[in-house]
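Visitor: Here the structure of chain A is known, so what remains is to put chain B in place on it, guided by the hints.
Residues per chain, in single letters:
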Amino acid sequence: MSLTEVQSQREAKRKTSSQRYRSGPVRRSKRSGWAKARMGLFNASAIVLGFYALFPVLWILITSLKPQSQLTTQPVTIIPSSITLGSYRTALGQAPFGRYYINSLVVSLSSTVATLILGTLAGYAIARLRFRFKKTVLLVILAFSFLPPITLVVPLFNLFRHFSLLNTYWALIIPYTFLSLPICVWLMNAYLQDLPKELEEAAMVDGLNYFGAFIRIILRVAIPGIVTAGLIIFATDWNEFLLALTFMTDNSMRTLPVGIALYPGQYTFPWGIISAATVLALVPVALAVSVFQKRLISGMTLGAVK
Amino acid sequence: MKEIIADESRPLPSSGKKAVAKKKSRGLGSREKRFAFWLILPTFVGLTAILLYPSFQTILWSFQHYVLTDPFQHGFTFSNYTQLFHDHVFWLALKFTIFYAVLSVIGQSIVGLGVALMANREFRGRGLFRAALLFPWMMPTVITAVVWRFMYDPNYGLFNGILERLGLPHSFVWLGSPTLAIIALFLVAIWKVNSFAALVFLAGLQSIPASVYEAADVDGVTAWQKFSRITMPMLRPTILVVLVLRTVEALQAFDIIYGLTLGGPGYSTLNLPLYLYQQAIQGLNFGYGSAMGVVLAIMISAFAIFYVKVLYRPESLG
Numbered sequence: 001m002s003l004t005e006v007q008s009q010r011e012a013k014r015k016t017s018s019q020r021y022r023s024g025p026v027r028r029s030k031r032s033g034w035a036k037a038r039m040g041l042f043n044a045s046a047i048v049l050g051f052y053a054l055f056p057v058l059w060i061l062i063t064s065l066k067p068q069s070q071l072t073t074q075p076v077t078i079i080p081s082s083i084t085l086g087s088y089r090t091a092l093g094q095a096p097f098g099r100y101y102i103n104s105l106v107v108s109l110s111s112t113v114a115t116l117i118l119g120t121l122a123g124y125a126i127a128r129l130r131f132r133f134k135k136t137v138l139l140v141i142l143a144f145s146f147l148p149p150i151t152l153v154v155p156l157f158n159l160f161r162h163f164s165l166l167n168t169y170w171a172l173i174i175p176y177t178f179l180s181l182p183i184c185v186w187l188m189n190a191y192l193q194d195l196p197k198e199l200e201e202a203a204m205v206d207g208l209n210y211f212g213a214f215i216r217i218i219l220r221v222a223i224p225g226i227v228t229a230g231l232i233i234f235a236t237d238w239n240e241f242l243l244a245l246t247f248m249t250d251n252s253m254r255t256l257p258v259g260i261a262l263y264p265g266q267y268t269f270p271w272g273i274i275s276a277a278t279v280l281a282l283v284p285v286a287l288a289v290s291v292f293q294k295r296l297i298s299g300m301t302l303g304a305v306k
Numbered sequence: 001m002k003e004i005i006a007d008e009s010r011p012l013p014s015s016g017k018k019a020v021a022k023k024k025s026r027g028l029g030s031r032e033k034r035f036a037f038w039l040i041l042p043t044f045v046g047l048t049a050i051l052l053y054p055s056f057q058t059i060l061w062s063f064q065h066y067v068l069t070d071p072f073q074h075g076f077t078f079s080n081y082t083q084l085f086h087d088h089v090f091w092l093a094l095k096f097t098i099f100y101a102v103l104s105v106i107g108q109s110i111v112g113l114g115v116a117l118m119a120n121r122e123f124r125g126r127g128l129f130r131a132a133l134l135f136p137w138m139m140p141t142v143i144t145a146v147v148w149r150f151m152y153d154p155n156y157g158l159f160n161g162i163l164e165r166l167g168l169p170h171s172f173v174w175l176g177s178p179t180l181a182i183i184a185l186f187l188v189a190i191w192k193v194n195s196f197a198a199l200v201f202l203a204g205l206q207s208i209p210a211s212v213y214e215a216a217d218v219d220g221v222t223a224w225q226k227f228s229r230i231t232m233p234m235l236r237p238t239i240l241v242v243l244v245l246r247t248v249e250a251l252q253a254f255d256i257i258y259g260l261t262l263g264g265p266g267y268s269t270l271n272l273p274l275y276l277y278q279q280a281i282q283g284l285n286f287g288y289g290s291a292m293g294v295v296l297a298i299m300i301s302a303f304a305i306f307y308v309k310v311l312y313r314p315e316s317l318g
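In order, the protein sequence lines correspond to chains A and B.
The first sequence begins at 1 in the numbering used here and counts up by one.
The second sequence begins at 1 in the numbering used here and counts up by one.
Only chain A is shown next, with the shape it has when bound in the complex (with noise of 0.2 angstroms):
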């Protein structure tokens, strides 16, 4: 079964249940204020937890808007008076933050095609060729997303020296590229198991090779699993820090979470330049959520129920 219809599938018993079983409490509130009450509770609530999760990205967007002068007020001044531009201009003109955004599309998205190069490939494999202890090397490859990051930090660092790698992109692209691959691997194998059988068997009969097959049919059919994969990943590596920290020591070529991290002054942060970086840094992976919503979710899921 695919993402896809796993999804439509769940929409479906969602509504089907939503008719008989949830519909209950409203069917009830026509007969006591209690319910409506329970409800009105409810709904309270619901947006109290979804402006928990909401106040400090908006707390951030009013921040980098704000002038200048309404900054450091005492007490801080929550809705500003008029709005600028003025932070965004220095936080790309003046401030290095234009520079460490190329650095982090360069690594973030070259490290993601790499990994889903090798992932969808694996994934196949394992998902659709026959051959013996496959579900050993599945095993084994997951068991790889388990070694913590934290303990690779020392040896990486020292190879990267031994080969003059470190403040180069490839000291951050080699490490994400096989930090993602076992979860692309459970990705593409979860995805490309549940596409009918008969796909490559029909590319045989047109004259096509495994190879054949594989480029010219099962890429094509797999394009959702490739991009639900790829999501992740990106906003993955594009918010890794601990490595971006170890081996850009070059202030030129920090990504943008260790530059913002890194911002001079501990103490006194120029703060509407830092929420102007900030509200830059998220744009690409909401953009990313906000037309993908469904499929990331499903994505982040998947290993976690099946």
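It is worth saying that the hints were derived from the structure and are not from the lab.
Please note: incorrect hints may appear among the correct ones.
[To be verified] Derived, one-sided and incomplete: chain B residues facing chain A with beta-carbon distance under 8 angstroms:
| # | residue |
| --- | --- |
| 1 | 36 |
| 2 | 57 |
| 3 | 129 |
| 4 | 158 |
Ideal placement from N, C-alpha and C gives every residue a C-beta, glycine not left out.
Guide: For chain B alone, kept in the frame of chain A given last:
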């Protein structure tokens, strides 16, 4: 037609042309295996070189005097471990690592479960609610910590500002005292992760068939009984997964503490990963850092095994 074609590409043991079919199938089968081998090979080579080999190096170095500023010595030694044993900062960090992992995971799971139960019901704006849940998860952890540090700022921060506007005591130095700093850290940790837990729990809740609840309704079961007798037992495997995944990650927490407190004030929020980083990368004592890495890895495995032993019930996995 399709079936006949499909059959031709598979072994046909009972067919008349037995020998031919066998040869053909063996050729096909081994070609398939060879193809699979070449597809998986790069993944294995890469994972071994970039993840497995360094892990062995960590174990090896933990038994060597390996300080970057000293000449390298090949000799086998326990000195890193004896030094760890006598290092009181290490013990503080170890205790805090466990304390942080246990309490933050409990907090994240309880809040996450509440949120999931809520999001599992029908209400207007549920899609929006679920999108809001994705925000904390997708925000880079270190940036989350920096943003909260900003909100905790005693002079220009949001929290003291709101307290002052409400006419309440408002001169808290949030990250200045050990107790307040630890509470502040937990608030951030719960905010950051409860939504991930909630989304996984939600997927688990939706896999419980509605018919079970309908049957319970017929039997006149109370809401609390439904929760404790149906929802919780059926959610057990999902809870196990969340606890294991989250604990493994919480034991390695680095970004959040680095961005919020840097281990301070004093050593009150210093955990093992941060201490490892300070000793190995900033202090260039690779051997000592590696020994800490080994301790951390053992702890992570111990926690994972403990959870699985306690919570794993094959019959409930359905």
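Visitor: Are the hints correct? Go through all of them and say.
Guide: How the hints compare with the structure:
For residue 36(B), the interface hint holds, the least distance from its beta-carbon to any beta-carbon of chain A being 4 angstroms, beneath 8 angstroms. For residue 57(B), the interface hint holds, the least distance from its beta-carbon to any beta-carbon of chain A being 4 angstroms, beneath 8 angstroms. Below 8 angstroms, beta-carbon pairs count as interface contacts, and residue 129(B) has one with chain A at about 5 angstroms; its hint therefore holds. Satisfaction of the interface hint for residue 158(B) is found here, the shortest Cβ-Cβ separation to chain A being roughly 6 angstroms, below the 8 angstroms cut-off.
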